[in-house]
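Each protein sequence line maps, in turn, to chains D and C. Position one of the first sequence corresponds to residue 1 (UniProt numbering), numbered consecutively onward. Position one of the second sequence corresponds to residue 1 (UniProt numbering), numbered consecutively onward.
It is worth saying that the hints were derived from the structure and are not from the lab. Nothing here was measured: the structure is a model prediction, and the numbers come from that model. Among these hints, one or two may not hold up.
Facing chain D, according to a computed beta carbon distance under 7 Å, are these residues of chain C, among others [as the list claims (entries may be wrong)]: (1) 5; (2) 9; (3) 11; (4) 13; (5) 14; (6) 53; (7) 58; (8) 93; (9) 112; (10) 113; (11) 115; (12) 169; (13) 217; (14) 282; (15) 294; (16) 296.
In this text, a Cβ means the ideal position worked out from N, Cα and C, and glycines have one as well.
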Amino acid sequence: MAKTEETGPLYAARPEWKDITPIPQYAENANPIAPIFYTEAYKDATDYFRAVVKAGELSPRVLELTESVIRLNPAHYSAWQYRYKVIVAINSPLAPEHALMNELATNHLKTYQVWHHRRLLLLLAAKRLSESKGEDKDAIALSPETELGFIASVLKKDEKNYHTWAFRQWVLATFFSPLSNLSSTLFSTSPMNEEEASAYRLSMLDDEIAFVESMLHADIRNNSAWNHRFFINFKLGTDVVMKSTHNVAEFDNEEKDIVGRELSYTKEKIALAPNNASAWNYIRGVLELAKIPFSSLTSFVLPYTRSHGQEADDDQIIDLDNPLPSSSSDLPAPPALEFLADIYERDAETLRSAEQSEQATVKEKLQKAIPIWRSLSEDHDVTRKKYWEHRIHIAQITCS
Amino acid sequence: MVNTATRIDSYPSTTTNEQLGTEEQLTQIRPTADDPPPRLQKNAHLNFLVRNLMQGFPARFVSLDASQPWLAYWSLQSCYTLGASLDPNNKQRCIDTIMAFQSPDGGFGGGPGQTPHLLANYAAVCTLAIVGRPGPGGGWDQIDRKKMYNWFLSLKQPDGSFLVSQDSEVDVRGIYCLLCAAALLNLTTPELIAGTAAFIASLQTYEGGFACASHPYYFSKSSSFPPEAARPPLGEAHGGYTFCALASWVMLLPFLSHEPSGSRPSIDVKRLTRWCVQMQGSPAEVGGFRGRTNKLVDACYAWWVGGCFALLRGLGVGLSLPVPVHTDTDVPDEEEQWTDADDSLFNRLGLQEYILVAAQHPQGGLRDKPPKTADAYHTLYALSGLSSAQHRVSQSQEVKAKLRSEWRPIKASPTPESDTISQTVFTESRSWKEEEGSSEYLQGAADRVNAAHPVFNLTMTHVKDIMNHFYEQG
Numbered sequence: 001m002a003k004t005e006e007t008g009p010l011y012a013a014r015p016e017w018k019d020i021t022p023i024p025q026y027a028e029n030a031n032p033i034a035p036i037f038y039t040e041a042y043k044d045a046t047d048y049f050r051a052v053v054k055a056g057e058l059s060p061r062v063l064e065l066t067e068s069v070i071r072l073n074p075a076h077y078s079a080w081q082y083r084y085k086v087i088v089a090i091n092s093p094l095a096p097e098h099a100l101m102n103e104l105a106t107n108h109l110k111t112y113q114v115w116h117h118r119r120l121l122l123l124l125a126a127k128r129l130s131e132s133k134g135e136d137k138d139a140i141a142l143s144p145e146t147e148l149g150f151i152a153s154v155l156k157k158d159e160k161n162y163h164t165w166a167f168r169q170w171v172l173a174t175f176f177s178p179l180s181n182l183s184s185t186l187f188s189t190s191p192m193n194e195e196e197a198s199a200y201r202l203s204m205l206d207d208e209i210a211f212v213e214s215m216l217h218a219d220i221r222n223n224s225a226w227n228h229r230f231f232i233n234f235k236l237g238t239d240v241v242m243k244s245t246h247n248v249a250e251f252d253n254e255e256k257d258i259v260g261r262e263l264s265y266t267k268e269k270i271a272l273a274p275n276n277a278s279a280w281n282y283i284r285g286v287l288e289l290a291k292i293p294f295s296s297l298t299s300f301v302l303p304y305t306r307s308h309g310q311e312a313d314d315d316q317i318i319d320l321d322n323p324l325p326s327s328s329s330d331l332p333a334p335p336a337l338e339f340l341a342d343i344y345e346r347d348a349e350t351l352r353s354a355e356q357s358e359q360a361t362v363k364e365k366l367q368k369a370i371p372i373w374r375s376l377s378e379d380h381d382v383t384r385k386k387y388w389e390h391r392i393h394i395a396q397i398t399c400s
Numbered sequence: 001m002v003n004t005a006t007r008i009d010s011y012p013s014t015t016t017n018e019q020l021g022t023e024e025q026l027t028q029i030r031p032t033a034d035d036p037p038p039r040l041q042k043n044a045h046l047n048f049l050v051r052n053l054m055q056g057f058p059a060r061f062v063s064l065d066a067s068q069p070w071l072a073y074w075s076l077q078s079c080y081t082l083g084a085s086l087d088p089n090n091k092q093r094c095i096d097t098i099m100a101f102q103s104p105d106g107g108f109g110g111g112p113g114q115t116p117h118l119l120a121n122y123a124a125v126c127t128l129a130i131v132g133r134p135g136p137g138g139g140w141d142q143i144d145r146k147k148m149y150n151w152f153l154s155l156k157q158p159d160g161s162f163l164v165s166q167d168s169e170v171d172v173r174g175i176y177c178l179l180c181a182a183a184l185l186n187l188t189t190p191e192l193i194a195g196t197a198a199f200i201a202s203l204q205t206y207e208g209g210f211a212c213a214s215h216p217y218y219f220s221k222s223s224s225f226p227p228e229a230a231r232p233p234l235g236e237a238h239g240g241y242t243f244c245a246l247a248s249w250v251m252l253l254p255f256l257s258h259e260p261s262g263s264r265p266s267i268d269v270k271r272l273t274r275w276c277v278q279m280q281g282s283p284a285e286v287g288g289f290r291g292r293t294n295k296l297v298d299a300c301y302a303w304w305v306g307g308c309f310a311l312l313r314g315l316g317v318g319l320s321l322p323v324p325v326h327t328d329t330d331v332p333d334e335e336e337q338w339t340d341a342d343d344s345l346f347n348r349l350g351l352q353e354y355i356l357v358a359a360q361h362p363q364g365g366l367r368d369k370p371p372k373t374a375d376a377y378h379t380l381y382a383l384s385g386l387s388s389a390q391h392r393v394s395q396s397q398e399v400k401a402k403l404r405s406e407w408r409p410i411k412a413s414p415t416p417e418s419d420t421i422s423q424t425v426f427t428e429s430r431s432w433k434e435e436e437g438s439s440e441y442l443q444g445a446a447d448r449v450n451a452a453h454p455v456f457n458l459t460m461t462h463v464k465d466i467m468n469h470f471y472e473q474g
């Protein structure tokens with residue numbers, strides 16, 4: 001009997017599939033461009049797959065067949081789709097499917113479908129639980145907490161996997177956001193009142209901060225982790241984002257605390273590695289979101305714009321709010337230079353829109369930015385020469 | 001030369017270890033002053049492409065079985081970018097292959113008998129734009145446009161996005177692919193694109209680039225449409241998604257004026273521009289582009305990010321900026337003369353160097369970076385990226401006005417309104433033009449590749465031919 005290691009005997013050799021006539025991909029005389037030379041096992045499984053799709057068969061044996069196709073080619077989206085259809089149609093148990101997904105996800109991290117299928121399963125589990133009033137013990141196995149644990153284990157191995165991070169954010173937004181109608185409490189074994197549920201959600205978010213901190217501790221430059229940090233602090237609908245206007249003046253104390261905490265945290269990380277673009281992008285993002293002027297960070301930024309040995313006198317004073325660059329860092333740091341020039345340019349814009357200011361003050365600010373851009377274009381960041389010149393030109397037009 | 005190696009601040013991490021390893025690899029491959037300058041090995045690449053098209057792919061490429069129209073599109077578009085074309089027999093073979101992917105329910109799938117999928121559909125339509133023709137057996141008139149349109153609508157979500165396929169994920173690549181196919185085949189309607197621009201806007205992250213999707217809160221407690229703040233992007237800013245989002249935005253922009261000004265979505269173009277320029281690597285990375293902050297350079301981003309600059313010009317970024325002739329003073333006098341200069345915002349020659357030095361595989365085909373092997377995907381996007389670095393393409397107001405004045409109402413248009421929409425899509429798409437005298441080559445014009453349409457990534461001629469057909473112009 002013909003046999004392949006991964007998927008067992010060929011379907012053509014299985015008596016229980018005798019009733020199906022396989023459909024080959026192409027007619028015999030076809031001469032397709034850019035063909036793929038398939039293995040015998042793949043040809044066999046997909047020929048049978050085409051046949052069951054055509055017949056519209058939704059049955060346990062089709063589950064097995066789609067698994068074969070997926071194992072041979074996890075990017076076969078039609079097989080995934082059809083598999084989901086079968087699961088719904090025959091009310092297939094979710095726990096074993098989920099276990100299978102854990103195995104497949106680990107082996108095929110970069111495939112879209114492995115992550116999307118998990119999403120469908122979680123939503124299906126939530127649906128079955130809510131319909132059975134929590135009695136569906138099979139669905140409980142797919143709790144969002146378990147899911148977060150699994151995702152964490154995958155991210156420890158592939159720290160910047162795009163889909164894994166995006167999937168984690170989807171789980172959080174779907175099951176741990178007050179804006180969502182679904183809640184992870186659906187999966188809890190004992191019922192919670194609203195207050196308990198809310199406290200539980202907040203404790204989960206603390207765990208999430210701790211998780212992202214462990215990822216950043218492992219690699220301070222992991223931009224996916226920084227992005228995730230932004231997501232949980234500002235995008236999950238729990239905190240700052242609840243305000244329709246993002247303006248720090250209108251934040252309540254708790255929200256102000258989050259912004260303050262994030263600024264301090266990022267400054268510390270910039271001090272450790274001043275050339276880390278991820279941290280600079282993050283701090284810019286926090287300032288923009290809270291509408292805090294860049295100039296509020298002037299004292300912090302200045303020491304990063306100078307070479308070692310050129311410290312101004314007051315740099316010697318220990319300022320806990322503004323940690324200094326580590327002594328062995330590479331200075332001046334181009335992201336700090338860019339930031340300082342932005343401070344001047346934004347100050348000029350603010351002055352200009354305030355109207356009462358004089359043109360001379362606007363010019364004065366811009367003329368402090370121009371030499372910084374020039375030093376970036378000529379010395380510190382020559383790749384972006386054109387861009388820095390562009391910034392200079394815009395400033396010059398404003399001045400003239 | 002200035003040492004431009006990544007600054008690790010004496011604080012190494014996995015990111016800097018990988019980064020320095022890549023810079024080391026790139027240093028080794030970089031020619032010295034004694035080596036001949038790197039040239040585009042057109043023949044070697046064409047041989048690679050012809051081999052793929054004619055002989056096909058070995059079994060290890062089975063992962064592309066659900067992407068068969070992509071194999072055709074990547075290979076054919078690469079050939080035409082290199083200035084080569086196919087003979088009528090092989091064109092017909094391509095048409096017949098692609099037509100076998102059309103689903104009886106409308107739209108194209110990844111192979112015969114596969115469910116239609118927005119990504120596969122784009123690749124199939126683009127392939128037909130390249131090799132197809134009107135009339136029996138030519139492909140164009142055998143596309144079931146009505147079914148395709150209904151299939152598009154069946155994928156539409158309440159937040160303005162689209163599933164890439166039935167029961168599948170939402171992904172901005174799918175939206176880009178849908179909008180391209182709709183533009184090329186004259187299928188754009190207000191119903192189709194309602195709310196889509198707002199969805200695109202929701203993908204922009206704090207970094208300035210765009211993520212792959214956003215969370216719609218489908219199960220939102222409020223019955224009203226979710227406010228923008230409550231549609232968090234899922235994933236980080238990424239070159240591929242940024243290109244798709246920006247190109248979609250450019251296609252949707254002419255229709256934004258229809259939306260009430262209070263709820264008109266917007267994107268932060270300044271932050272986007274900054275993000276795009278930040279993606280270009282240093283001289284130690286031979287000027288290639290990366291796709292995310294703190295990730296490695298990869299030739300495919302030469303197009304996904306390098307291609308964004310032409311689209312940004314479409315939004316007015318850096319367009320015909322007057323600059324002072326004398327740059328020795330910071331503030332020019334009023335009377336000072338202004339002149340046009342190369343207003344590109346990225347290092348065009350730097351990017352060309354990456355493609356020529358790092359992306360070309362010695363045995364033909366192009367690749368992510370050494371020591372990787374060449375593949376069809378990287379071959380196209382490295383060549384398209386080279387094209388975006390060689391040529392400056394922008395929308396010509398002159399061409400737009402001409403196309404508008406010559407417009408002949410489409411006989412099949414059901415209403416005057418739909419005719420206006422067709423006219424807008426047609427003139428906007430067709431007015432992209434290579435700016436004369438703006439080409440720049442690292443080594444010489446012998447390395448020239450054809451200009452790519454910045455939205456569709458087809459040659460200008462192919463866009464013209466297929467659009468003239470479906471819009472009944474020309």
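Each hint, compared with the structure:
Violation of the interface hint for residue 5 of chain C is found here, the shortest Cβ-Cβ separation to chain D being roughly 10 Å, above the 7 Å cut-off. The interface hint given for residue 9 of chain C holds, since its Cβ lies 4 Å from the closest Cβ of chain D, which is under the 7 Å cut-off. Interface hint status for residue 11 of chain C: upheld, as the beta-carbon distance to the closest one in chain D is roughly 5 Å, under 7 Å. With a least beta-carbon distance of about 4 Å to chain D, the hint placing residue 13 of chain C at the interface is held under the 7 Å criterion.
For the restraint placing residue 14 of chain C at the interface with chain D, the shortest Cβ-Cβ distance is roughly 5 Å, inside the 7 Å limit, so the hint holds. Below 7 Å, beta-carbon pairs count as interface contacts, and residue 53 of chain C has one with chain D at about 5 Å; its hint therefore holds. Below 7 Å, beta-carbon pairs count as interface contacts, and residue 58 of chain C has one with chain D at about 6 Å; its hint therefore holds. For residue 93 of chain C, the interface hint holds, since its Cβ comes within 7 Å of a Cβ in chain D; the closest pair sits about 5 Å apart.
Taking 7 Å as the C-beta contact cut-off toward chain D, the hint placing residue 112 of chain C at the interface holds, the least distance being around 5 Å. Hint status for residue 113 of chain C relative to chain D: holds, with the closest Cβ pair at about 4 Å, below 7 Å. Interface restraint check for residue 115 of chain C: the shortest CB-CB distance to chain D comes to about 5 Å, inside 7 Å, so the restraint holds. Against a cut-off of 7 Å between C-beta atoms, the interface hint on residue 169 of chain C holds, since the closest Cβ of chain D lies about 4 Å away.
This hint holds: residue 217 of chain C has a C-beta 5 Å from the nearest C-beta of chain D, less than the 7 Å allowed. Hint status for residue 282 of chain C relative to chain D: holds, with the closest Cβ pair at about 5 Å, below 7 Å. Below 7 Å, beta-carbon pairs count as interface contacts, and residue 294 of chain C has one with chain D at about 5 Å; its hint therefore holds. A cut of 7 Å between beta carbons decides the hint on residue 296 of chain C: the least distance to chain D is about 10 Å, and the hint is violated.
Checked against the numbered hints given earlier, the structure breaks hints 1, 16 and satisfies all the rest.
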